[in-house]
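As a plain string of letters, each chain reads:
There are 2 protein chains.
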Amino acid sequence: MTMLDTPYTNTLRILQASDEIKARLSGEFSAVHGISVNEFLMLLHLESAPKHRLARVELAKRLHVSASTVTRMAAPLEKIGLLAREIDERDARLSFVVLTEAAHTKVSEAKATLAKQAGYLFQDRWSEDELEQLSRFLQRLLAGSLSTLA
Amino acid sequence: MTMLDTPYTNTLRILQASDEIKARLSGEFSAVHGISVNEFLMLLHLESAPKHRLARVELAKRLHVSASTVTRMAAPLEKIGLLAREIDERDARLSFVVLTEAAHTKVSEAKATLAKQAGYLFQDRWSEDELEQLSRFLQRLLAGSLSTLA
DNA sequence: CCTATATGCTTGCATATGCAAATATATAGG
DNA sequence: CCTATATATTTGCATATGCAAGCATATAGG
Numbered sequence: 699m700t701m702l703d704t705p706y707t708n709t710l711r712i713l714q715a716s717d718e719i720k721a722r723l724s725g726e727f728s729a730v731h732g733i734s735v736n737e738f739l740m741l742l743h744l745e746s747a748p749k750h751r752l753a754r755v756e757l758a759k760r761l762h763v764s765a766s767t768v769t770r771m772a773a774p775l776e777k778i779g780l781l782a783r784e785i786d787e788r789d790a791r792l793s794f795v796v797l798t799e800a801a802h803t804k805v806s807e808a809k810a811t812l813a814k815q816a817g818y819l820f821q822d823r824w825s826e827d828e829l830e831q832l833s834r835f836l837q838r839l840l841a842g843s844l845s846t847l848a
Numbered sequence: 699m700t701m702l703d704t705p706y707t708n709t710l711r712i713l714q715a716s717d718e719i720k721a722r723l724s725g726e727f728s729a730v731h732g733i734s735v736n737e738f739l740m741l742l743h744l745e746s747a748p749k750h751r752l753a754r755v756e757l758a759k760r761l762h763v764s765a766s767t768v769t770r771m772a773a774p775l776e777k778i779g780l781l782a783r784e785i786d787e788r789d790a791r792l793s794f795v796v797l798t799e800a801a802h803t804k805v806s807e808a809k810a811t812l813a814k815q816a817g818y819l820f821q822d823r824w825s826e827d828e829l830e831q832l833s834r835f836l837q838r839l840l841a842g843s844l845s846t847l848a
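Line by line, the protein sequences give chains A and B. Numbering-wise (my numbering), the first sequence opens with residue 699 and increments by one. Numbering-wise (my numbering), the second sequence opens with residue 699 and increments by one.
Since the hints were derived computationally from the structure, they do not count as laboratory data. One or more hints might be untrue.
Copies of one chain are not kept apart here, so a pair can be met inside one copy or by any two copies together.
Straight-line distance between alpha carbons at most 20 Å, and here's what the computed DMTMM-like set of lysine to aspartate or glutamate pairs gives [said to hold, decoys possible]:
#1 809 x 703
#2 809 x 745
#3 777 x 828
#4 720 x 703
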């Protein structure tokens with residue numbers, strides 16, 4: 699047996715890399731920005747959306763969480779003024795989550811933290827070419843997803 | 699501005715890919731194997747350890763979770779006979795988590811499920827060369843980690 | 001127009017997980 | 001040997017999250 703199933707090992711390695719990254723980020727995010735990594739990702743999805751707003755169901759799909767989680771994640775972010783609510787005139791069921799001005803600032807700052815940590819993560823032994831090749835691989839892997847934050 | 703910070707985008711994409719993968723796996727894992735993806739990862743770490751056992755603190759580090767989480771994750775797995783406990787004769791503080799025989803079977807079955815889903819994930823537009831190149835990239839990224847499941 | 005079904009959101013309940021305190025044991029320094 | 005400190009584990013409490021039920025609104029068929 700060749701003992702090589704690259705899809706299997708790649709999948710496992712992506713899961714591990716993600717856990718590693720989240721562990722590195724979580725401390726600095728709560729301490730410096732007062733939000734969790736998951737909350738940051740929510741803001742990021744909203745930032746990349748038209749009008750910086752999304753229906754809760756749509757946001758849930760992009761974050762791979764349940765609708766109830768969106769309801770509960772958004773609540774404290776509304777309280778601290780990073781998110782607001784908008785209704786749809788044509789469909790009263792819809793309740794959009796919208797980024798506030800303060801949130802744009804917060805997102806910029808948090809992006810800088812992420813960029814810094816990402817820099818550490820890739821600082822050794824990575825050529826510009828390799829970084830871009832990895833980027834293309836990951837983009838291909840995410841091609842089926844609906845989000846595409848980066 | 700070139701608008702290209704590949705470490706940043708790569709980091710974000712890894713987080714997204716991981717969420718995507720976990721979402722795909724979680725349903726089938728609970729339904730078919732009766733364990734969660736995280737529980738499977740715990741079993742996998744133990745399988746790759748010498749004597750198929752690890753101290754709880756060590757297991758916590760490799761899974762990037764707290765020690766209390768290990769305590770609580772292991773409890774139900776002990777109840778269903780997948781894990782057992784062993785003490786250290788020289789250090790009474792240590793309480794090893796050990797894989798049972800039943801767990802080896804369970805891990806094999808779950809690995810097959812993961813391999814299948816990984817196959818779907820990479821089935822389109824990936825050459826063997828590209829798969830191995832991605833594998834090397836991810837391995838490099840994980841070089842600093844202590845686990846290395848794959 | 002009315003009813004049946006579908007969709008979006010929220011809430012109750014159960015599970016998952018982290019942090020800090022509590023407990024037990026080990027180790028170093030006197 | 002005794003004490004102070006360090007380490008491993010567990011437990012109490014708070015937060016995070018999913019599922020299913022409940023509620024409001026929309027849409028399709030008659």
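To see whether the hints hold, each was checked on the structure:
1. 809 x 703: Between. Shortest inter-copy distance 11 Å satisfies the 20 Å Cα cut-off; intra-copy 35 Å does not.
2. 809 x 745: Within one copy only: 12 Å inside, 38 Å across.
3. 777 x 828: neither (43 Å within a copy, 47 Å between copies)
4. 720 x 703: between (26 Å within a copy, 19 Å between copies)
Comparing the model with each numbered hint stated earlier shows that hint 3 is the single one that does not hold.
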